[in-house]
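J.: Take a look at the letters that make up each chain.
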Amino acid sequence: MTQLSTSRPKVLGVKAQRAKFMQSLTPYGFVAPVSALILVLMIIPIAIVIGYSTLDNVIMTPESRFVGLDNYVTILTDGTFYIAARNSLVFTLGSVTAHFVLGLAFATLLNTRLLSPFVKTIFRAIFILPWLFTVAIIAVLWRMLLNPNGIINYLLVSSGIVDVGVEWLSSRSTALLAVTVINIWAGYPFFMVSLLAGLQGIPRDLYEAATVDGASAWQQFWHVTLPQLRPIIISMMILDMIWTSQQFALIWLTTGGGPINATEMLPTYTYKLAFSTYEFGLASASAVIILLLSMVLAFFYVRHQKVKD
Amino acid sequence: MKKHALRAKGRLALLSSVAVMFAAAGCAPAAETDASTDADAGSAGVEEVVLEFAQWWEPELPEGSLRALMDEFEAANPGIKVELLSGPYSTTKEQVVAGAATGTMSDVVGLDGAWVSDFVKQGSLANISTLMESSSYDQAQLASQIQIDGSTYMIPVLNFIYPLYTNDDLLASAGIDAAPTNRTEFRAAAEAVTGEGVSGWALPLSLEAPNGIQNDVMSWVWASGGSMLKDGQPDLTNPEVRSAIEYIKGIWDDGSIAPGSFTMKEQDKLEEFTNGRAAMIVSSLSHINLIRESNPDLNFSISAMPSIDGYSGKRGIPYASWGIGVAENSDHKEEAWKLVSFLMSESTNAKLSSIANAFPGNTTAVPDFIEGDELFGKAFEIYQSGFPANEFVGLPVAEQLMRLFDEQLQLFLEGDITLDEMLNASQEAWVAEF
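Chain order of the listed sequences is B and Z. Number 87 in the working numbering belongs to position 87 of the first sequence; there are no gaps in the numbering. Number 1431 in the working numbering belongs to position 431 of the second sequence; there are no gaps in the numbering.
Extracted from the complex, chain B is given alone in its bound form (with noise of 0.2 Å):
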């Protein structure tokens, strides 16, 4: 009985303790298989990249050199790496602007009760229908709409808006618009998907209040519209910026950055240095400097999202 009572206390210890330890590693066993999945997808391929940077070349060499800091050097003091990151500014903001404008006012028009739900379907249906194209169908498209001798031309031509056939995309005046209006076109349903829903989620009492205070439609808008859709507006343009800035195939589909360097981007400026020149250690610095300013914008995401909740 003695031994009983001394030995029972301290099997049942070791086991609470297993069990303890066991528990304690739960949620490092929950978060593992994530963790190995970004380890894997993520932190190692970064960490290679960022690893090339500081070499003179990599895979063209056999042998490769560490050279530091050169590679930023070199890409930092280049005038077309500035042309580029200019027009990637000039393209993102302008791209995020008008899917944000556009957006919103397509997803006020479905969200308006003065036509019936089957319209408003059909509607919907072709307002997010450039959405559902794949790039490549959206470049072969627009390069053919935008030919000289395209359909666009021949509306402005025969309707006597011009005198001659624009060379939308050849054309150094014109290049950057017309990729930036593509891009428009293809990106804006996504807001306008996304604004939808908030604006279906704003009380119905909100409006009616202000109606009662003697609000005008355009005070509604102003001051209950715009105020509720504002963690959504957010949300969407900080990550229609990351999106947009690292937008890729259609520029490279459409002018492949020219005509000389009118439509340069950063990832087209990126792509040539490591597949038309093979200087993956140039092409991997100036990656790294994209996923930096990649990362300032995350970093507002980030930010915005935590004092969301």
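You may find that some hints are simply not true.
Quick partial rundown of chain Z residues pointing at chain B, CB under 10 Å, derived from the structure [what the hints assert, rightly or not]:
| id | residue |
| --- | --- |
| 1 | Glu-1094 |
| 2 | Ala-1101 |
| 3 | Phe-1119 |
| 4 | Leu-1207 |
| 5 | Glu-1208 |
| 6 | Pro-1210 |
| 7 | Ala-1258 |
| 8 | Gly-1260 |
| 9 | Phe-1262 |
| 10 | Asn-1275 |
| 11 | Pro-1396 |
| 12 | Val-1397 |
| 13 | Glu-1407 |
| 14 | Gln-1410 |
| 15 | Leu-1411 |
Straight-line distance between alpha carbons at most 16 Å, and here's what the computed EDC-like set of lysine to aspartate or glutamate pairs gives [as the list claims (entries may be wrong)]:
| id | chain 1 | residue 1 | chain 2 | residue 2 |
| --- | --- | --- | --- | --- |
| 16 | Z | Lys-1121 | B | Asp-56 |
| 17 | Z | Lys-1351 | Z | Glu-1058 |
| 18 | Z | Lys-1081 | Z | Glu-1334 |
| 19 | Z | Lys-1081 | Z | Glu-1335 |
| 20 | Z | Lys-1338 | Z | Glu-1052 |
| 21 | Z | Lys-1121 | B | Glu-63 |
If you're looking for bench data, these hints aren't it; they were derived computationally from the structure. Where a beta carbon is used, it is the ideal one built from N, C-alpha and C, also for glycine.
Chain Z: place on chain B using the hints.
T.: Just chain Z, lined up with the frame of chain B:
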């Protein structure tokens, strides 16, 4: 119950995390397994050698035709099997670049001349000269070899020439009966046909695919016996290049070049011609059938690239090649060379060129398509009366050189810089890449 459930959950989570880590790490062991299978086969005394042949040719040839040639090779060489790794041109390029970087390049690879210099620098291509010497191969039968520092690294298996295509109806409507043979005639013809919705010449200068510089711009230099190189180094300020660029600027100023030139790609150029919006283009011979299929009513012919007035020498004809090389990392170089020499043999090369509508890399091979078709017959005449000319083949970062020249040419055509500035800037940019 709660504790049991929690414990079970904990174990499950740990197990799943371990499983994911193994799955994630599984890529490497999988590759090793493949490699060891080959090794095991060898150690077990199995004589069979499996050659990997990466190329973009199979998708561009009639279905099963390249495989049929490989079957012939396998029948003639017992113990050697060929595994075709086929994909589109761009994918093949990426595959070869990645393979070259990681030392996993296929034993035999389809090559574009523009890639060779970079791969040789990287040390990923085997020296074919050594392989030819060790097998006492008769090199005289090869139409051309791509050499770096005196050693061959690529052999052009097929050559696709780029003749001048002319829309005969458009030329006739402008009172021109025959295709232009010199620069004056070409410029006059281009100006004469240019009008409502029609341009004399389509010049693709897209920066995404800048091969228009090779096929549509430098071809003017080569057609008159000129060169853009001197002793293997850039020589863009020489009179021949200068005269060709000045000439193109003249046509540009005449307004005879199809609009949209700065973003026009090869397929756009072809479309302009096929739809009757451009009267003349320089394009690959392989496009004849495509044009015929797309617009059966189009009345067109092909001729040699116009030269400078009064030129009587042999004309350089721009061409693109389906080249072949052997990987330096291959454990079966001897067998790989057997496959290369099989493809370059008179009968196989003739068969391959017949099914690809291209000209053979073996000088003694005669494709059968030239006899049954007037245009292909004419193309063969052009090929035999001139010489294949493509100075970009074998140059370092060839595509980038074209792009650098293209940027300066666009500035010159826009009138932003003078001809001297354009040529000097291009020369400087090229020298930096050599």
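J.: Hint by hint, note whether the structure agrees.
T.: Taking the hints in turn, this is what the structure says about them:
1. Glu-1094: holds, 8 Å
2. Ala-1101: holds, 4 Å
3. Phe-1119: holds, 9 Å
4. Leu-1207: holds, 4 Å
5. Glu-1208: Nearest chain B Cβ about 3 Å off; hint holds.
6. Pro-1210: Status holds, d = 8 Å.
7. Ala-1258: holds, 8 Å
8. Gly-1260: holds, 4 Å
9. Phe-1262: holds, 4 Å
10. Asn-1275: Result: holds, 8 Å to nearest chain B Cβ.
11. Pro-1396: Where the cut-off is 10 Å and the nearest Cβ of chain B is about 9 Å from Z:Pro-1396, the hint holds.
12. Val-1397: holds, 5 Å
13. Glu-1407: OK, holds: Z:Glu-1407 within 10 Å of chain B, min 5 Å.
14. Gln-1410: holds, 5 Å
15. Leu-1411: This hint holds: Z:Leu-1411 lies near chain B, its Cβ roughly 6 Å from the closest one there, short of 10 Å.
16. Z:Lys-1121 to B:Asp-56: holds, 15 Å
17. Z:Lys-1351 to Z:Glu-1058: This hinted pair holds, its Cα atoms lying about 14 Å apart.
18. Z:Lys-1081 to Z:Glu-1334: Roughly 13 Å between the alpha carbons, so the hint for Z:Lys-1081 and Z:Glu-1334 holds.
19. Z:Lys-1081 to Z:Glu-1335: Holds, because 10 Å separates the two Cα atoms, which is no more than 16 Å.
20. Z:Lys-1338 to Z:Glu-1052: holds, 13 Å
21. Z:Lys-1121 to B:Glu-63: holds, 12 Å
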